[in-house]
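*Asks:* Place chain L on chain A using the hints.
The residues making up each chain are set out below.
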Amino acid sequence: MAHLSDENLERARRLVAVYPEPRSALIPLCHLAQAQDGWLTPEAMEDVAALVGVTPAEVHGTATFYDMLHTEPVGRHVVAVCTNVACMLAGAYELLEHAQDRLGIHSGQTTDDGEFTLEEAECLAGCDTAPCVQVNHRFFGPLDAASFDQLVEDLRTGVLAGQVPRHGVLCRVERTVGLLAHGADDRDVGGVGTAEGSAT
Amino acid sequence: MITGAPPIVTGRMAYADAHTLERYLATGGYDGLRRAILLGPDAVREQVDKASLLGRGGAGFPAGRKWSMLRKADVSYLVVNGDESEPATFKDHLLVERDPHQVVEGAIIAAFALGVSQAFIFCRGEFALGLERLQQACNDAYAYGALGAGILGSSFSLDLVVHPGAGAYICGEETALLESLEGKRGFPRIKPPYFPAAIGLYGAPTVVNNIETVSNLPWIVVNGGEAFAALGAGSSTGTRLFALSGRVERPGWYELEMSKTTFRDLVYDPSLGGGIRDGGALKAFIPGGVSAPWFGPDQIDLGLDQDAVARAGSMLGSGSVVVMDDTTCAVRAAWRITRFFARESCGQCTPCREGSGWIEKMMRRIEEGNGREADLDLLMDACDNIAPGVSWPPQQTTICVLGPSIPSSVASGIRMFRDEFLLHVKEGGCPMRAAR
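Chains as they are written, first to last, in the working numbering: chain A, 1 to 200; chain L, 201 to 636.
Just chain A, with the same shape it has in the complex:
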């Protein structure tokens, strides 16, 4: 019995079909599993392994290399405060200190109610809005203590629910066309013709 829902299994199979080699779908499938559960569970990693044709240990070994893939539970909102040099020069460490006080947790911890996980992030490429913060990989900045408090409040009350989906949900736009890898048959996922006979 698979851990991924039937709907997500179907999504997963389509993603695998998009690539010339199944293993290329490993990271997209980890994102998919994380979108379902909020984090990357051991059960989901077994499904991912079966779908791309590697062992669960290989999925785990790959996933733990990447910062975005959480193999331990995290809060509904992962708040990542960038402290790299551009944000640091705009007061990021002071903001991080405030965030720790406000949420009552240290960087790397999750609040008891499971709402917030606080992370100290490396550069998020939001240096023009420094100091910047991502919540579930949606950008906010520049932030000071007051606007950080407002952000936390808005996340708690659900005001930002449309803009900030639950942690793990990354790209809410799905492919509407099937991609056909080299030599692959038309898998009837609403796609275009084959990619053979390319170029002129």
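What the hints contain is simulated information worked out from the structure, not anything from laboratory work.
Fair warning: this is a prediction, and the values are worked out from it, not measured in the lab.
None of the hints are false.
Label pairs and their in silico Cβ distance ranges:
1) A:Gln100 - L:Leu578: 24 to 34 Å
2) A:Pro73 - L:Arg511: 46 to 56 Å
3) A:Val159 - L:Ala433: 48 to 58 Å
4) L:Arg633 - A:Gln100: 15 to 25 Å
5) L:Asp478 - A:Asp149: 20 to 30 Å
To spell it out: a stretch of chain L is covered by chain A in this simulated footprint if at least three of its residues, at any positions, have a beta carbon under 8 Å from a beta carbon of chain A; those stretches are:
6) 290-297
7) 322-332
8) 338-345
9) 363-369
10) 382-392
11) 442-453
12) 528-537
Even glycine gets a Cβ: it sits at the ideal position worked out from N, Cα and C.
*Replies:* Chain L only, in chain A's frame:
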């Protein structure tokens, strides 16, 4: 633009809906692809050669030459690198969020010129909105007929996959990116082969181009390579998207004509950086991402020119300029950059894996007031073990250039601000702390 050059990659940024197909088509979108198909692949490659377009990812390798190295094979790939993670760099972030169709069209033109029928856009995972907009643009391009079989009525077919990264700086290195795209840890591959054009994705010949590089292609094809090459000077042709951050009044992105614009223009012009924040004085600046050695105020009149910056001992790199002012602690800035490399080292090579950690610890100890005078020599010695000679361009003891990037900030800090380091040791802490 202050030199009167036309915007090449940011022409649509004034429109809030620039990311939509409707706006894209209303502003000349996919005209480049149409013209490319009319011209044929050889003529497109010729235009890109004439443009002398330098890769915009960081290494600045000529795009046309990279293309020419693609080994002839039955199956070959194009991978567009949008895993932008060099600290203080945010141009690709802008391009994927605000003009994703331009990225898609650029990728299609590149694939057409290369005779490739399968392409990937590897987009940094943290760009959630960028991924959504790229995927939407990709879907729209299929529906419009710019992707898929028989593109715009021609015999050219292309599949394009938008692939999300999962958070690892090292995946910006092109061979690590290919490993990651193969579903593995992002470990850079041993060289040779030096270029994926010989052995790339799944062992097949592969061209890896940066997001900004391909974003220039629609304009180049429409206006001609000579028009592009007429902008800038020397090998630094065209315009470039610069990311300005740190202690300036107006941090942000600015598309500027290369070579003819200077760092002074970027930092001080009222329409650009607007000067040092709060009327402070310039202390130092990083000219091209945190992998680059720092410059002092005496270099502020250098042009935004790849060769000029290289001759002066640093690099234009990813086009991101970080400004430090008289309230900035050089030790703290260098420590924070080192900490980044220590966290992001992939761990394959000993000098990088061990060296980054040791240097970070020593830097922190100085910043926190527990340093010793001898630490300065020890730091330089550790740097020398990673990049022998601690010169620029650096010698390499590692598989990729992450390792030799570590000494840049440390050595710059010690060489330019030795007294400040010693003051930390003498006073048992950071003398700038009160200023923050």
